[in-house]
Structure formats: structure tokens, C-alpha cells
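Whole structure, please, built from the sequences with the hints as guidance.
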Amino acid sequence: MLLGWPWGRCSAGHCALLLVLALVLDALGLVLLLLGIFAALDYWDFFVYSGSLILAFSLLFWITWYSLNIELPLEKLDL
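Quick note on my numbering: the sequence shown kicks off at 1 and runs consecutively.
Computed beta-carbon distance windows for the label pairs:
1) HIS14 to ALA40: 40 to 46 Å
2) ALA12 to LEU53: 21 to 27 Å
3) LEU55 to HIS14: 22 to 28 Å
4) PHE46 to VAL24: 18 to 24 Å
5) LEU72 to LEU17: 21 to 27 Å
6) LEU55 to ASP78: 34 to 40 Å
7) VAL20 to TYR49: 22 to 28 Å
8) ASP78 to ASP45: 49 to 55 Å
9) LEU41 to GLY13: 34 to 40 Å
10) ASP45 to HIS14: 38 to 44 Å
11) TYR43 to HIS14: 38 to 44 Å
12) LEU23 to TRP44: 21 to 27 Å
13) ASP26 to LEU74: 32 to 38 Å
Just so you know, these hints were derived from the structure itself, not from any lab.
Glycine residues also receive a C-beta, built at the ideal position from the N, C-alpha and C atoms.
The structure is reproduced here in C-alpha cells:
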């Protein structure tokens, strides 16, 4: 019942575009980071640094997606 539905039903929420963008940036950043670590290249540092920056940038989309999907009943807002 963590997501509000019985049996763990899950959905992308209201902002599916942000979720997809965060997942794509995570995949791209991980590929670049692993390429820089494991490939025998002279310019490996470019891949390591750019991959880690892309991963850090994807955190902004994860935080935005999560924040926009918080649902709170009006009774609990104490307005």
C-alpha cells in the first residue's frame, strides 16, 4: 500500500516526460562513465567527467518528478 494501490500497482504519475528524461540521462551518464573507466582511451577523463556530470544533472529531473507527484489531501494542508 505504499503507492496508494493494493498489490503494488505503480504508474509513471502526472509527469511521465520528466521520468523518461531522468531515465535517459541516467542511462547515458552510466554508459559514458563506464566507457571512461573500462575503455583503453587516451581521453578517458572526458568520459568519466561528462558521465558523472550527466548523472548529477539527472538528479534534478528525479527530484522534480518526485516533487510534482506528491499527492496530499486538502484536509491535511491546514490552510
